[in-house]
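Please build the complex by placing chain Z on the supplied structure of chain A, with the hints as guidance.
Single-letter residue listing:
Protein chains: 2
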Amino acid sequence: MTREALVAEIKRKKSFLCVGLDTDITKIPEHLLEKEDPIFEFNKAIIDATQEYCVAYKPNLAFYESQGAKGWQSLQKTIDYIPDNIFTIADAKRGDIGNTSKMYAKTFFENMSFDSVTVAPYMGEDSITPFLSFENKWVIVLALTSNAGAKDFQFTVSEEKHLFEKVMHKTQEWCSPDQLMFVVGATRGSDIDIARQAAPQNFFLVPGVGKQGGSLEDVVNYGMIDDCGLLVNSSRGIIYASSDENFASMASTKAKELQQQMAEQLIKHGIVR
Amino acid sequence: MTREALVAEIKRKKSFLCVGLDTDITKIPEHLLEKEDPIFEFNKAIIDATQEYCVAYKPNLAFYESQGAKGWQSLQKTIDYIPDNIFTIADAKRGDIGNTSKMYAKTFFENMSFDSVTVAPYMGEDSITPFLSFENKWVIVLALTSNAGAKDFQFTVSEEKHLFEKVMHKTQEWCSPDQLMFVVGATRGSDIDIARQAAPQNFFLVPGVGKQGGSLEDVVNYGMIDDCGLLVNSSRGIIYASSDENFASMASTKAKELQQQMAEQLIKHGIVR
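Those protein sequences? They're chains A and Z, same order as listed. Residue numbering for the first sequence follows the working numbering, starting at 1 and increasing by one per position. Residue numbering for the second sequence follows the working numbering, starting at 274 and increasing by one per position.
The following block holds chain A by itself, in its conformation from the complex:
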């Protein structure tokens, strides 16, 4: 998907919501467990219920891999089911030497038709650039994550820059902002500010709003740019809003709530009317 197409969707839906499909077989409503592919049935219902309010879906690979070969089938069916106008993110956090990264890129971009993959930067340039040779596909590099462990290495200071800033500066030398996003956690507004200064033109994929404690307003105030430049993810708060038979309608309600908050922000910042 091109940046123009993504931004057009954001404006049309007045939303920059990404729904995280962290579908855990132990957490989905009991009545689905009788189905042949409970994970896909759950995702299908969630997609039907939320697609009006979101512009992206992000399955986390760990949840599918935990079901082995069957999980990969559920994932493939899920990605095939997501409408083409919605941006898809393989939250895989891969990264390996050049040839191997290329293989991961083929898997997610060609075999599975994802629009983007999350990538860990530790192994440097040749672990990231193989993801760039696919037209209209994106690499989403971990910069500042929202977990407690982010402090261990990402804030290491060298030459007056944090490691996450260095990651952002370096990767921009390799990738155009039309192919490169960053994961930037929503835990502190001041950090989003630093990240935005390090990458003024790139989209940020922002986890950590809601259950993990970040505020949407901070994210927008520090992170929003002219064409929005933000995808804000919510997983558990939407997909597990209810564990009963009404899970899909509750997911819809929660997604709509977030979409409405986002619409307000998009209007406030003059991106839509």
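Just so you know, these hints were derived from the structure itself, not from any lab. All residues carry an ideal CB built from backbone N, CA and C; glycine is no exception. A portion of the hints provided could be inaccurate.
Only pairs whose alpha carbons sit at most 20 Å apart, straight line, appear in this in silico SDA-like list of lysine to any residue [to be verified]:
hint, chain 1, residue 1, chain 2, residue 2
1, Z, K287, Z, M274
2, Z, K424, A, V157
3, A, K14, A, L216
4, A, K70, Z, A342
5, Z, K343, A, G68
6, Z, K424, A, Q172
Short derived list, chain Z residues pointing at chain A, Cβ under 7 Å [what the hints assert, rightly or not]:
hint, residue
7, E338
8, G341
9, A342
10, K366
11, Y377
12, E398
13, A421
14, D425
Structure of chain Z alone, referenced to chain A:
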């Protein structure tokens, strides 16, 4: 597998060779492509031909994922086929927030019975520690990799330490040396020296010997400790030694050559007689 069991195998076989099962469907001999599961058939033949000379097998997940659900079945069959006395490494380079890392750990340790998983350190403590709550299972943390991109972030200097040294120091605070190994590339002897000083007691998984240019002698001189403390990986040099019907016997020959060089080193350093 315990450290004692691994070291006993190293002494018994006079080898610290790890064979990388980077099995690429486009590179395996043509006559195998008629089989129902060519990847497994290839691995089975390689395992039969090399198990006498190696103490570990390391499938790289990218190669299996590229075949989708079928690839996961090939991987499961491969891991089931490897004899219990041989250490197994899921070269997955995973790493995510706590709950998600736990899911990856369950996948590789419980569902698939691997002895160890490679993990990327960028996300810090809670991305690594979930792998530690499984008895006799190991986490292998990327410290200094053997690819060109290693220079981009791993050598970032802060408080007079490289990032890879900081990674090694920090992770040792969280994990006992009986559960924690490090990936340390074989590209320069002086770097292996620095890494060994940072982690005097841990096993190193060393890629980059052979095709990637590192020397076994350097690795041993700078990295070997009392109970060996080394697993040296070779992938392409062994498994693609020939692309003909004789691939398995050629793999055996190459593995034996490396084993004999390793035996010499183990004798020279007084670890075996």
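Hint-by-hint comparison with the structure:
no.	hint	in the structure
1	Z:K287 - Z:M274	holds (18 Å)
2	Z:K424 - A:V157	holds (17 Å)
3	A:K14 - A:L216	holds (15 Å)
4	A:K70 - Z:A342	holds (7 Å)
5	Z:K343 - A:G68	holds (10 Å)
6	Z:K424 - A:Q172	holds (16 Å)
7	E338	holds (5 Å)
8	G341	holds (5 Å)
9	A342	holds (4 Å)
10	K366	holds (6 Å)
11	Y377	holds (5 Å)
12	E398	holds (4 Å)
13	A421	holds (5 Å)
14	D425	holds (3 Å)
When held up to the earlier numbered hints, the structure conflicts with none and fits them all.
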